[in-house]
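Working from the sequences, and respecting the hints, build out all of it.
Protein chains in written order, with our numbering: chain A, 3 to 159; chain B, 2 to 389.
Simulated from the structure, these hints should not be mistaken for lab results.
All C-beta atoms, glycine included, are put in the ideal place defined by N, C-alpha and C.
Incorrect hints may appear among the rest.
Coverage of chain B stretches by chain A, computed from C-beta distances (three or more under 8 Å per stretch; other residues unrestricted) [what the hints assert, rightly or not]:
hint	stretch
1	309 to 322
2	348 to 355
Dumping the calculated DSS-like pairs for lysine-lysine here, alpha-carbon to alpha-carbon at most 25 Å [as the list claims (entries may be wrong)]:
hint	chain 1	residue 1	chain 2	residue 2
3	B	Lys373	A	Lys10
4	B	Lys377	A	Lys7
5	B	Lys381	A	Lys22
6	A	Lys10	B	Lys381
7	B	Lys380	A	Lys10
8	B	Lys381	A	Lys7
9	A	Lys127	A	Lys47
10	B	Lys7	A	Lys10
In case you want the letters, here they are:
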Amino acid sequence: MYSQKVLKHFQNPHNYGEMKNPDGVGRVGNLVCGDVMWVYVKIGKNKKKEEYIKDIKFKTYGCTAAIATSSMVTDLVKGKTIQKALSVSKNEIIDSLDGLPPIKIHCSILATEALNEAIYDYLKKQKREIPSAILAKHKTSEKEQEILDKKHKNCRS
Amino acid sequence: MPLNFKTYYFDYASTTPVDPKVVSVMAPYFNKKFGNPNSLHHLGREANQVLMQSRETIAKIIQASPEEIIFTSSATESNNLALKGVAWANKNRGNHIIISSIEHDCVLNSARWLEGQGFSVTYLPVNREGLVFLNDLKKAIKPQTILVSIMHANNEIGTIEPIEAIGDLCRKKNIFFHTDAAQTFGKISIDVRKMNIDLLTASAHKIYGPKGSAFLYVRKGVKIEPLLHGGEQESALRSSTVNMPGVVGLATAAALSQKLMKKENAKMAKMRDQLIKAICKNIPSVSLNGHPTKRLSNNINLRFKAIEGESLLMLLDAAGVCVSTGSACSSAKLTASHVLLSCGLRPEEAHGSLRITLGRHTTNQEINYLLKALAKAVKKLRNLSPYF
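As structure tokens, then:
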């Protein structure tokens, strides 16, 4: 059910681990669903004085697809300008992995959300104005998180 | 797969390789002794003779009469026949059915389907170890109760249920008692008379027999409707041309398992306990799911903190090790195991669980390999996990 590319990234994920003093951190997902992604970013400036993803790392709790998409998204956005990084779509991640099983598509969405959250966190820490697209996506993530947390509370523990 | 890739199989509860002895007994029934047992000519009569012998072999193992054995295609079919067949045939007596909340999906979903047909179902709770309590059953029984179905042992956590006491209670209350023995037939001695079992499900492929062959024991006097109508084979309870290679394979595998039962159980229980001990010693933050002693001799089910089970399974798979999370049937679903959740585990605990099941061919060398591969995989995934 998993492509060779998915298995390759899963078995040897790129850019994993914690980052010391990250410029931004994005935390998405929920233990109840079985997928949690944390993305750390360091932002730098290129020759054109544009901000870009200088370094990126992830930590993921989840299935094969969750780990593979985490690895792939970090590969895809590393070195890209913030704008270009955020334009990486779930379909681009899926295609780069030679496809995902239909029930695992949400992992690719989670990966784009994690990156968006990390950028949002960076901009917020910088006390900068948050572009509306990032803000809108952040609000969606926040809402989903709330629903999940509520669900989690109702679970027996 | 690379040429030197070696498979380490630890998923015997999911399915088993057919024993070579079983294969050779089955072989002639594909193309030499291929007769239809319903045919009147000599090839048919010969097949019928063998069918009767196979029925006797199975009946003897569980202390039933041959005419009480109905050959089917799978444990799923047997369970469907037991639940739907008994419910349908006894609806004039009542519409209430009791099952446990940790039954296999084929029992659960048959019960759910019956709910849509006007039956009401009580799902009995289990404790942390997966045990059903007699008192809960007593309380759940109503005047309208017609059937109780509680599995002999659970397929995921291996907990063995007190079916003798349950059978005794059901008999006293005049309620039919069905047990899904897919995980125990050939592994635990079953006496349907002594245990007051009215219906029992078992399958060949769990005991080194072929896939596509199973049976349902139906005690004489149990009112039951068939699911399949046609040529009225199997006492008109299961119309279909009998799968002769499958039936012969089932009987041969069952006889072999019965013969080896004591020896195999002793060997596997020892391996199981040593492996549990070694894993808990070598890997931090591991807990055992299920019951410490009322447990199938080949079942280990563990939960690993801060790890998701599917990724652990896939990482072990890359090292040649076959294990499962919950049951193989649920691997296409995203929800945590209903068995583990019913035991009161939190979803993240259930997600982090892994089933290791031993079998006839498990060696100490394989166990040692598994131990090393497991420790390595857990370490790797915990390095990736934000929670460890």
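> Which numbered hints turn out to be false for this structure?
Replying inline: Nothing - there is no hint that the structure violates, so all of them hold.
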